[in-house]
Structures are given as C-alpha cells and as structure tokens.
Amino acid sequence: MTGTTADPIRSLEGVVSAAALELGGTPVAGARLERPPRRDFGDFSSNAPMLLAPIVREPPREVAERLGQRVADALGPELERVEVAGPGFLNLFLADAWFREALGAAAAAEDAYGRLPATGLRHLVEFVSANPTGPITVASGRHAAWGDSLCRILEAAGHHVQREYYVNDEGSQVLRFGESIRARARGQEPPDDGYRGAYVADLADRLGAGANASAAELAEAGVELMVEEICASLERFRVRFDRFFREHELHREGAIESALALLRERGHVYEHEDAVWLRTTELGDDKDRVLRRSDGEYTYFAADIAYHLDKADRGFDRLVDLWGADHHGYVGRVQAAWRALGHDPDALELLIMQLVNLVERGQRVQMSKRQGEIVTLDDLIDDIGVDAARFFMLQRSHDTTLDLDLALAREQSQDNPVYYVQYAHARIASILRKAGDARVREALSADLSARGDALNTSERDLVKRVLELPAEIAIAAERRAPHRLTTYAHDVAQDFSAFYRDSRVVGAAEDGDDEDFRLTLAVQAKRVIARSLDLLGVEAPERM
RNA sequence: GCGCCCGUAGCUCAGUGGAUAGAGCGCUGCCCUCCGGAGGCAGAAGUCGCAGGUUCGAAUCCUGCCGGGCGCGCCA
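Here the first sequence is numbered in the numbering used here, starting from 16 and rising by one per residue.
Quick caveat, the hints were computed from the structure, so don't treat them as lab data.
Please read all numbers here as calculations on a predicted model, not as lab measurements.
Each hint should be verified, as a subset may be incorrect.
[Said to hold, decoys possible] As a list, the in silico EDC-like pairs of lysine to aspartate or glutamate whose alpha-carbon atoms are at most 16 Å apart:
1) Lys302 <-> Asp328
2) Lys479 <-> Asp506
3) Lys326 <-> Glu264
4) Lys479 <-> Asp111
5) Lys479 <-> Asp55
6) Lys326 <-> Glu364
7) Lys326 <-> Asp257
8) Lys479 <-> Glu49
9) Lys479 <-> Glu28
10) Lys326 <-> Glu286
11) Lys449 <-> Asp506
12) Lys479 <-> Glu116
13) Lys326 <-> Glu268
14) Lys449 <-> Glu557
[What the hints assert, rightly or not] Pair by pair, the computed Cβ-Cβ distance ranges are:
15) Ile367 <-> Gly522: 46 to 56 Å
16) Tyr285 <-> Ala422: 49 to 59 Å
17) Ala496 <-> Gly101: 19 to 29 Å
Every residue gets a Cβ at the ideal spot worked out from N, C-alpha and C, and that includes glycine.
The task is simple: from the sequences and hints, build the whole structure.
Laid out in structure tokens, this is it:
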C-alpha cells in the first residue's frame with residue numbers, strides 16, 4: 016500500500032485515480048483528494064465521481080457508489096467505510112491502521128520528508144535588485160524575504176534554482192549618486208535631484224574622497240561600498256545570492272549591441288527622430304519604446320533586454336523576476352521584447368511585489384531611522400528581529416499591500432503567530448528531551464502498525480496535518496505562494512496543541528496508551544514545523 | 001482617459017469550479033491538583049463591492065459598472 020512512499024495522501028489519491036480509470040476507461044483530469052470542510056464528511060474526500068459522471072453518462076452519486084466499492088476493495092482493512100455525499104463526493108473514512116502506517120512511512124523518510132523528486136527544471140529567480148545608491152529599505156526587505164523563501168520552496172519542490180541580484184551600476188541615477196558623494200566631500204549640499212541621506216556623507220568619508228575626485232569615480236567606488244553593505248544587510252536577513260549581475264558587464268561586453276542586432280534581424284526595430292525604437296505595440300504593449308536615445312545612449316530598457324537575453328542564453332527553463340510595484344508599467348514592454356526575441360512567453364514570469372506599510376495599533380507609523388529619511392531593513396530587524404520580520408513579510412501574497420503591525424511583531428506572546436509556531440516547536444523539543452534520546456529512537460524504530468488501540472480525534476487530525484506537507488510544498492511552488500507555508504506552520508502548531516491537550520505523551524504507556532505512536536507523532540510534528548519554518552527562513556528554536 | 005492589481009467578519013488577510021465561506025487580531029464568556037498557561041475551549045460577528053452571464057454547482061471563470069492602490073518619460 017502506502018508504506019513505501021513518503022507521501023501517503025498521494026498514494027491514496029493514486030488508489031482512487033486507478034479505480035476511476037477502471038470505471039471510466041480514461042484518466043480523469045483534476046481528480047484529487049481534499050480535506051472536507053467538516054469532520055463528519057470523513058478524512059478525505061474525492062471529487063472524482065463528479066468529474067467521471069459526464070464520461071460514463073451516469074448521475075454523479077451513482078458513479079460515486081461504484082467508485083466507492085472499487086476503492087473499498089483496493090484498500091481492504093485500511094478503510095473503515097466510504098460514504099457518498101452532497102452532489103457526488105466520495106468521502107473516505109480511514110481505519111486507524113492507515114493512520115499508523117502513514118505516520119510510520121512519513122517518519123521513516125526522516126529529513127527527506129517533504130522533499131519532492133527532482134524535476135530537472137532550472138529556475139533563475141531575480142529579486143531585490145534595488146539600486147545600489149542607498150541602503151536596503153523595508154520594501155526591499157519584503158522582496159528579499161519573499162524571493163528567498165520562494166527559492167527555498169522551489170528547491171524543496173525538486174527544482175534547480177539560481178538566485179540573482181541585478182545591479183544597476185550605470186546611468187543617470189548612478190551619476191547623480193556620484194555627484195551627491197562629491198558634494199558631501201566638498202562640504203556642500205547634494206543637488207536637488209541627488210541623494211540626501213546621511214549615509215552619503217558617510218560614504219564620502221569612507222572613500223576618503225578628495226574635493227577634486229570625479230563624480231564618475233566616486234559613483235563607481237560608492238556603488239561598490241553600497242553593494243557590500245546591501246550584501247551584509249541581506250546576509251543578516253538570511254538571504255544570499257548566487258550572483259550579483261552588474262549592468263556594467265552588459266555594456267562592456269557589447270551585449271546590448273548584439274541584443275539590438277538580433278531584434279533588428281527579427282524585424283522589430285525602426286529609427287525615428289534619431290532614436291532607435293522597438294515596435295512593442297505589435298506584441299501587446301500600448302506604445303513603442305526607445306532602445307537608443309537620440310543622444311546615442313542606450314536606455315535602461317535596452318540593457319534589460321540584453322540582460323534577459325543573457326539569462327536565456329545561460330540555459331534556464333524558467334526566468335522569474337520579482338519587481339516593485341512602481342515597475343508594473345514596465346511589464347508589458349519587457350514581455351513584448353521577450354516575445355520579439357522569439358522566446359516562449361510562459362518561460363518568463365514577471366511578478367509584482369506590492370508595498371509595505373508599517374503599522375502600530377492600526378496607525379501608520381514612522382520608525383526611528385538610522386539613515387535619515389529612509390526606513391532601512393536594518394532598522395526593522397533591530398526593532399522586531401529577523402524571525403518576526405521574515406514571517407510577517409511572508410504572511411501575505413505578493414500582490415497585496417502588506418500592513419506590518421510592529422506592536423504585534425514585537426510581542427513575545429501567543430498572539431504573535433511567529434512566536435506561537437516557534438513556541439510549539441520548542442515545547443515539542445522539551446517533551447522529547449524529557450523522554451530522552453534513547454527512548455525516542457526506540458519509539459521511532461517500533462512497528463506502529465502492529466498496535467491496536469483506537470486513535471482519538473486530535474491524534475488523527477495531527478497525523479493528517481503532518482501528511483499534508485508534501486502537497487503544501489508542491490502547491491506553494493506552483494503558485495509562487497510562500498504565504499501558504501506560514502498558514503500551514505500555524506495549522507500544525509494548532510493541531511499539535513490540541514493533540515497535546517488530549518494525549519499524554521511521555522508516560523502514555525503508564526495509562527495503557529501507545530507511547531511509541533505518540534512520540535513518533537510528536538517527532539514528526541516537530542520536523543514538519545522545523546521544515547516549514549526553514550522554507551520561510553525562520554529559526555526553529557529548541558528552547559525559548 | 002488607458003493598463004495592471006486589489007475589494008471576503010469591526011481590523012489585517014487566507015481561500016484560482018464543489019458540501020453549512022475560514023484564520024489571526026479585537027470583542028464576550030469559560031478552564032490553571034495535568035509532560036512548558038509564552039496554553040486551551042466556547043461564542044457573537046459575512047448581501048464574498050454591485051449587476052448580469054457561463055455551469056448540475058461560482059468568493060473562484062466571463063462581461064459591465066462602482067470604490068481603492070499603482071503605473072502610463074528619448075528616467076532608472
């Protein structure tokens with residue numbers, strides 16, 4: 016049955032699908048097992064009969080009856096009973112034997128549990144990419160947490176992942192940055208459109224900038240220092256990149272010219288009023304875009320096309336870009352350019368990250384700022400810590416504005432979801448310490464299926480929850496939805512609390528209960544919480 | 001004006017075709033002879049923005065409208 020795999024729910028789904036195939040003569044697309052909304056609808060519920068009904072031309076409930084019979088035959092004693100319900104659901108009530116075997120299988124997988132089979136697909140995820148003209152802000156912090164967590168989840172889902180930060184070290188912004196440093200070095204105010212943060216004067220000091228250094232030199236040196244600082248802030252936030260890709264490389268290697276030549280060859284380029292244009296309107300954009308300005312300079316857009324071409328040439332199956340909300344007007348033209356280059360539109364995903372509002376008791380707040388007018392990621396971490404910052408930033412989907420409640424995030428109590436989850440983990444650790452290593456190992460090597468006592472509701476609920484991890488990871492990866500893991504981790508913690516309330520673990524044997532089963536379940540709940548938190552980049556403490 | 005995103009409980013949000021729509025916060029009430037009370041249980045609270053449509057079935061898909069956010073440079 017399911018004992019040889021680390022995804023017992025999937026195996027069960029396979030049994031139902033096989034039965035549906037026999038009945039319908041053809042595979043049923045979209046059939047799945049889901050957790051029913053109410054406990055009296057069983058442990059798992061299949062929508063297969065409703066999908067099968069049109070194929071076999073029978074009422075869904077009749078199909079469900081026949082499917083139920085076959086599933087019952089296939090599962091034998093692991094199934095308690097099936098019920099047909101509602102519009103044609105097949106509800107499965109599983110026997111305790113199934114729960115024991117399933118838990119045993121999950122526990123036997125140890126650290127591999129929740130790690131999905133390799134897909135061979137190579138992903139390049141580009142995120143943060145904040146201009147290297149200032150420290151990392153809270154908004155960029157959300158990009159960092161989210162992008163990094165997505166990468167962790169993609170890896171768990173079996174994909175190969177490369178993390179990349181695109182450094183805009185060219186162009187007018189950078190020059191203005193250099194001019195601002197130079198002004199400070201001369202004891203002057205930066206230009207009106209320059210960078211006015213306190214860190215600029217600090218950079219001027221650290222560079223030992225003489226009054227006659229050029230803005231371009233100062234810009235280059237300033238960018239290098241900023242990249243180092245950004246890197247350090249991100250490292251502190253547990254975010255590491257495989258590569259910082261400099262825009263400068265594209266200019267130096269003639270990559271922009273060759274991208275432009277390729278576009279020209281493919282017939283998408285024209286000249287107008289001394290500028291070179293890309294005809295993006297033919298590919299879904301609302302206006303054509305300039306690639307090279309009339310002054311001969313390439314636009315940021317041209318460099319970005321060259322960058323994406325470079326990524327594609329490196330042989331990735333999937334490019335994921337995470338951009339700020341202020342860049343969403345840019346999506347159409349980059350997609351158009353991507354298609355102009357002849358690439359599969361689905362291979363490039365452009366995701367937009369919405370803004371972060373810092374909130375305290377319902378009011379927008381101004382934090383005390385280390386760097387003048389900018390609220391930096393470091394300021395936030397100093398205030399609420401890395402774990403709370405990451406967890407809170409990951410609780411929401413990327414396309415919704417985030418209200419981050421600082422008061423709640425600071426709170427070290429059960430009201431704070433990150434503490435609630437970490438507390439559950441620490442509490443299980445404490446229980447297992449009390450049991451002792453040797454006793455825990457003994458429990459893990461016991462054959463749970465040989466036991467006979469009835470499981471209680473909260474034990475069964477926790478087993479089911481723990482078994483959901485592989486599917487949760489798969490869905491989070493597919494939908495680019497790290498926030499699902501925050502919900503899941505909280506659910507596990509909650510189900511553990513119910514289990515713990517109802518069932519004594521250490522000393523269960525004295526009451527005649529199955530202590531091996533309970534210890535194994537506690538171990539597995541702890542692993543699953545730790546795994547979920549790891550995918551979020553949040554620590555799972557043994558003690559608090 | 002055009003484009004994209006959002007509109008679900010008092011608040012912040014989950015829920016990408018299925019059953020009586022969920023969680024956290026807040027609110028009300030209850031539970032500490034028990035492995036961590038940094039805990040648990042129960043309750044009140046919803047015209048899923050509005051109106052049509054598709055479907056056996058719609059918070060979910062389509063169309064229109066209303067409200068909010070963001071974007072619409074030979075800036076990056």
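Hints, verified against the model:
| no. | hint | result |
| --- | --- | --- |
| 1 | Lys302 <-> Asp328 | violated, 27 Å |
| 2 | Lys479 <-> Asp506 | holds, 11 Å |
| 3 | Lys326 <-> Glu264 | holds, 13 Å |
| 4 | Lys479 <-> Asp111 | holds, 12 Å |
| 5 | Lys479 <-> Asp55 | holds, 15 Å |
| 6 | Lys326 <-> Glu364 | holds, 13 Å |
| 7 | Lys326 <-> Asp257 | holds, 14 Å |
| 8 | Lys479 <-> Glu49 | holds, 11 Å |
| 9 | Lys479 <-> Glu28 | holds, 14 Å |
| 10 | Lys326 <-> Glu286 | violated, 27 Å |
| 11 | Lys449 <-> Asp506 | violated, 25 Å |
| 12 | Lys479 <-> Glu116 | holds, 12 Å |
| 13 | Lys326 <-> Glu268 | holds, 15 Å |
| 14 | Lys449 <-> Glu557 | holds, 13 Å |
| 15 | Ile367 <-> Gly522: 46 to 56 Å | holds, 53 Å |
| 16 | Tyr285 <-> Ala422: 49 to 59 Å | holds, 57 Å |
| 17 | Ala496 <-> Gly101: 19 to 29 Å | holds, 28 Å |
Comparing the model with each earlier hint shows violations of hints 1, 10 and 11; every other hint is respected.
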